[in-house]
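Residue numbers (this note's numbering), protein chains in the order written: chain Y, 1 to 148; chain A, 1 to 559.
No lab work stands behind these hints: they were computed from the structure.
The beta-carbon is built from N, C-alpha and C at its ideal position, and this holds for glycine as well.
Check the hints yourself; a few may be wrong.
What the hints assert, rightly or not - Not everything, but these chain A residues come out facing chain Y in the computed CB check (under 8 Å):
id : residue
1  : A372
2  : L450
3  : P479
4  : A480
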Amino acid sequence: MTNVDARPLRVLVTKIGLDGHDRGSRIVAAYLRDAGMEVIYTPPWQTISGVVKLVTEEDVDIIGVSSLATDHLIVPKMMDALREAGLEHVRVIVGGIVPDEEKGALLAAGVSRIFGPGAARDEIVDFVTSLGRQSRSGRIDEFSEVIP
Amino acid sequence: MTEIAIQLPLPGFEQAQGEWRSQYSRQMRDETPIRNRSGIEIQPLYSPRDWSGERYLDDLGFPGQFPFTRGIYPSMHRGRTWTQRQLIGLGTPEDYNKRVRRIIEAGATAISLLPCCSGFRGIDCDEVDPVLLGTCGTVINTTDHMDRALDGVPIGEISTAMNDPSPFTLLAFTLGVARRRGIDWRSVTGTSNQSDYISHFIANHQFYRLSLPGSRRVLLDHIDFCRRHVPNWNPVSVVGQHMQQAGATPAETMGFTLSTAIQYAEDCIARGMDVDDVLRRFTFFFDISISLFEEVAKFRAGRRIWARIARDRLGAKDPACWRFKFHGQTSGVDLTQQQPLNNIARVSIQAMAGILSGLQSLHTDAYDEAIACPSEETARIAVATQNILREEARLCDVIDPLGGSYYIERLTDQMEAEIEGVIAKIDAAGGMYKAAEAGLVQTMIGESALAFQEQVDSGERKIVGVNCYRIEEDPTVPPADRPDAEAMHRHVEGFKAFKRERSQNQVARALDALARAANSTDENTFEKVVEAVEVGVTHGEVVGCLRRELGFGHPLILA
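With the hints as constraints, model all of the structure from the sequences given.
Next comes the structure, spelled out in structure tokens:
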């Protein structure tokens, strides 16, 4: 268990959907990398199935989805796809422009937190760190159920 | 840039200046240096030792005279004010039409069209999650769609700017509409905004359409086609906006943009086109940040450098080619989601910077820009901001009103030196195409973006409502305006029916001809695009065909 926890957190920073404004995702990726995490960064326009594949192959603990235009509207569909692939231990954070009235749907779909513009570096890094621990321990619980 | 060599005899100057300096230092003991966004240290005061009028004719001249520092036309805004060109794009073609007609009724002399992000990505509306359609632009995939979007819009009389990256299907649709309405293509005026594929590759979102070499080929075909058949159309808009939005400093942005223009001009020359013929129709598109004086200096320096590049480096003989015509858009990155009404103040200052710089056309952002597509009300305020600056603040009364200020002239010289340094760096890398391909420019922009963000995080750079003067709850945040899902559903269904009912033979033949042109060296791909959309080939099919033939893609995007 300690061995598993000692590994750096693996975070996927991505953008799904149609929009390509990537200034925010690049900066957040650099923040997390500088905080010692292993960051898998993708350019914009990823498909949901592409993200699921990447999460599986890269053994990701946390996904950060950046959205400037309206791509956050398909995040609930991504959450469904993750669940269907048996990846419910992976925590999801959304960053960017999400109008207040559209936040509820994302949180209800299981998004851990939405960071708006102006979120500070420390706030993001601290939250991702603690969320990573939860993601890992969630996984260990699953293993303990499987392994007698 | 000319070195500051001239020292006007001013008896007593040095003594008075020395006294001021020591008084200033006593009051400002612990002052840390102040730098603008381009990294230039800003002094507390400028004087005749920073800039002298003896260089007036070489470096400034009169408006309409080389090197055009003070403006590209003799009468500038006093003769003809800038064009108010608001970007519009939302929902279905019918939604767009409603909005654009209202704008024309309100006196607009130019319009613009922003397609849906699905269009930017090169796909049609039937391949996209419907919840995303029309949220950031209008869904236009066929000539019929364009016909409905421009219903009652007098193309041929009103200038139309389209956000229309390679392979320029929106222009192809528009030419189809013109033909249906019996309008001569030679009277069609406007600009292919977003024709600058290098800026997309570096900093924006649309290069997902075609590979770099493919885009290069199609742009040249497009320029050549327009030159022959749509002579009043501006096929090239060199875009600095994306790069500054992505984090390039104002000086870097101007340097990259001018290097891009050099690249396109040299590509046209290599293709055998006449440089005078081509450069006459080059236009530029920039971001205007809130760093007011820096922006004014950026644009004044840009005009001067371009005039020299066009004449001396590219060899254009027609003075029209030396003129640096630009459209400015107030910077969205400077706007905040927090306390959005504050954005009205920010946009006013940005617009002022653009107007004082002598721009040719202006888009002012709506205050809800940082939240969603503008509503009618917020769009109206954005237009009113321009009207207030012109009619009430009377910013048009004097040409280049900041010219001659010691500060502005010194800063213009310094920005010029910075910009020329960037151009030299790109030249050393083999030009803008190679520098983009190698990732050099992207790295520079990424570093500048991170440096800026670190200043914001540390509080060194203050943004009201973000890292200072925050409030807990803001009741003024408007709800996001989303397209009507029912209407969008009908639009997509109509599109599917259209695809079923058109002549599949003609479509296949047109796509075949397009593919053949792409693989030949003497056929014009854009000509084939125009012919293809005429028989009902859709936007996504055109892009798909060219992607197969000319390459596409980003190695890191997973299918």
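Broken hints, numbered, in rising order? Of the numbered hints, all hold.
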